[in-house]
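Enquirer: The lines below spell out each chain.
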Amino acid sequence: MTNIDTIRQFVLEEFLPDVPADQLANDLDLMESGVVDSLGVLKLIAWVEDRFEVVVDDTELNPDNFRSVLAIDAFVTRAAVSAVGGR
Amino acid sequence: MTDPSPRPDVPAVAAAFLEHARRDPGAPALAWADREISYGELAALAAGQRPLLDRLGPDEPVGVLAAKSPGALALVLACLLTGRRFLLPSPSLAAETLDTLFDQAGCRTIVREEDLLPPAGEVTWPAVDPDSIGFMLTTSGSTGLPKIVPLPHRAVDAFAAWAAGTFRIGPGRSVFSYAPLNFDLCLLDVWTTLAYGGRVVLADTARAAHGGYLADLLRRYPVDVIQGVPMLYNLLLDSGAIGFAGVSHVLVTGDVIGADTLAALPWLFPGARLHNVYGCTETNDSLIAELEPGRSGPAPLGVPLPGVDVLLLDSGGQPVDGPGTGELYVTTPFQSGGYLDAARSAGKFTGHPLGSDDRQWFRSGDLVRRDSGGSLALIGRTDFQIKIRGTAINTAEVESVLRECDGVLDAAVLTSTDPVAGRQLAAVLTRVPGSAVNSLTVRLHCAAHLPKAAVPSTLRIVDVPLPRTSTGKLDRSAAEELLTPEPIPGRTS
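Protein chains in written order, with full-length UniProt numbering: chain W, 1 to 87; chain R, 1 to 493.
Please keep in mind that the hints were generated in silico from the structure rather than gathered at the bench. In this text, a Cβ means the ideal position worked out from N, Cα and C, and glycines have one as well. Just so you know, not all the hints are guaranteed correct.
[Unchecked claim] Quick list of simulated restraints, FRET-style, between CB atoms: (1) H449(R) - S38(W): 19 to 25 Å; (2) T2(W) - A263(R): 49 to 55 Å; (3) T77(W) - A436(R): 48 to 54 Å; (4) E481(R) - T77(W): 43 to 49 Å; (5) L70(W) - A346(R): 42 to 48 Å; (6) T2(W) - L354(R): 55 to 61 Å; (7) S296(R) - L61(W): 26 to 32 Å; (8) Y213(R) - D22(W): 35 to 41 Å; (9) L70(W) - S296(R): 24 to 30 Å.
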């Protein structure tokens with residue numbers, strides 16, 4: 001399962017449980033569409049930290065990093081790279 | 001079109017009635033139970049009631065506590081003809097409430113059905129100052145003490161002139177009177193008709209919930225004009241009645257008519273134009289719309305009556321001049337000068353909200369949308385205004401947007417409390433059977449049509465109709481129960 005699949009599954013289960021998977025576009029703006037609100041973002045971030053074992057510091061709390069499935073995937077990839085590079 | 005002052009040639013309602021009685025005493029004024037009562041008979045009955053009023057102090061108002069009957073109508077005519085203010089509350093109010101209202105109005109004498117006197121010969125009636133108060137009606141608020149609404153003679157006369165002209169009320173024409181005598185609807189059904197020489201077909205208030213009785217009455221005494229709350233039409237339809245072909249104007253008022261009822265009205269009244277009339281006791285009728293069966297969307301209110309002006313103000317108090325939504329302020333030539341208890345007028349009867357004219361305006365409490373053509377539609381009460389995290393939101397408006405979403409039949413918007421987020425919006429939606437609507441399609445629709453704070457956090461989509469009250473209003477507390485079983489978690493739940 002790719003990171004994208006994992007992220008999609010979480011978003012669907014957590015925020016859109018009645019929605020068929022094929023209706024969730026990876027580039028859907030989750031905030032603009034009202035699927036995820038400001039409190040939902042916090043939940044999303046907590047899940048990303050936990051699931052991908054990354055730390056989201058204050059400078060990365062920018063909601064743009066979590067705006068879509070693709071944006072989250074890109075963030076997770078970047079965070080993993082920097083974590084490895086920092087070791 | 002602005003004409004704030006009524007035309008000077010508008011006849012006084014009661015004096016015009018007398019004139020008809022003098023000119024054509026044999027013409028039918030009322031149809032009641034099994035017989036017709038002529039203008040001459042009704043004028044004699046009014047003369048007969050005069051001793052009840054002559055024994056009162058010169059400026060003393062009288063309380064009228066009687067159901068609709070020829071005698072009660074004659075008493076009201078006698079009050080109007082002698083320039084006597086009278087309080088006409090609903091006889092079904094609690095005794096304690098009635099005592100308080102009569103006391104507030106200064107009525108020491110209450111005339112009841114059993115006090116009414118027999119007809120008398122011709123009497124001479126005094127001249128009446130058109131600016132003085134005649135009717136004192138009460139509001140029908142759901143809670144608390146009703147407010148007393150004094151109406152100047154001039155206001156009622158101006159209204160009758162409009163109604164008679166618009167619905168062609170006059171000799172040879174009949175009007176159905178369904179509403180109880182204390183309702184402002186009688187200003188059209190009963191008082192306009194009697195002022196302009198028509199015949200009033202009186203429905204007995206005690207039997208007003210029997211559709212079969214109402215249908216029989218309409219068959220026996222055919223009418224040209226019929227006005228009523230949607231319930232009247234539901235009762236007629238449920239009785240199996242069909243085809244009152246002589247009716248030329250049907251007026252729906254007092255509530256939003258259901259789509260099914262509206263769709264059936266052309267069968268009930270095949271020759272009639274269908275109107276929605278919007279007004280309240282304080283201002284009388286203000287807006288009129290032609291109803292189109294089969295049309296969807298919010299209830300049309302249409303356009304202001306001649307002499308009526310409206311303003312829409314958004315939640316920030318700014319005028320909404322073009323298309324948009326705001327609270328309706330209205331000023332009419334038919335309105336009261338304020339509640340009898342002036343303290344209760346504060347915030348309701350106001351000057352022009354922006355100070356643009358010297359007229360008195362009434363704050364309706366109704367949230368109204370204006371389309372690009374200038375036509376108005378009712379969204380709901382501004383009482384549904386709530387705050388979600390500091391943002392003012394009208395739940396009725398959110399419901400209206402949700403109902404316009406593809407695949408959504410009906411919507412109820414409620415509030416729930418989240419331990420973290422505080423107050424949140426939750427919506428229950430009934431979907432069109434078999435539709436593919438889901439929380440994502442609804443959210444995308446909301447995102448396009450609502451500010452973010454107004455998008456419900458929780459959405460629950462169901463296949464059952466939403467609960468409604470007996471009068472067809474959404475029952476939100478009952479709808480709340482639909483939220484609880486397995487709600488679809490929203491963004492934060």
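Enquirer: None of the hints should be skipped; say for each whether it holds.
Expert: Quick rundown of the hints versus the structure:
no.: 1; hint: H449(R) - S38(W): 19 to 25 Å; result: 20 Å, holds
no.: 2; hint: T2(W) - A263(R): 49 to 55 Å; result: 53 Å, holds
no.: 3; hint: T77(W) - A436(R): 48 to 54 Å; result: 34 Å, violated
no.: 4; hint: E481(R) - T77(W): 43 to 49 Å; result: 46 Å, holds
no.: 5; hint: L70(W) - A346(R): 42 to 48 Å; result: 57 Å, violated
no.: 6; hint: T2(W) - L354(R): 55 to 61 Å; result: 60 Å, holds
no.: 7; hint: S296(R) - L61(W): 26 to 32 Å; result: 44 Å, violated
no.: 8; hint: Y213(R) - D22(W): 35 to 41 Å; result: 59 Å, violated
no.: 9; hint: L70(W) - S296(R): 24 to 30 Å; result: 38 Å, violated
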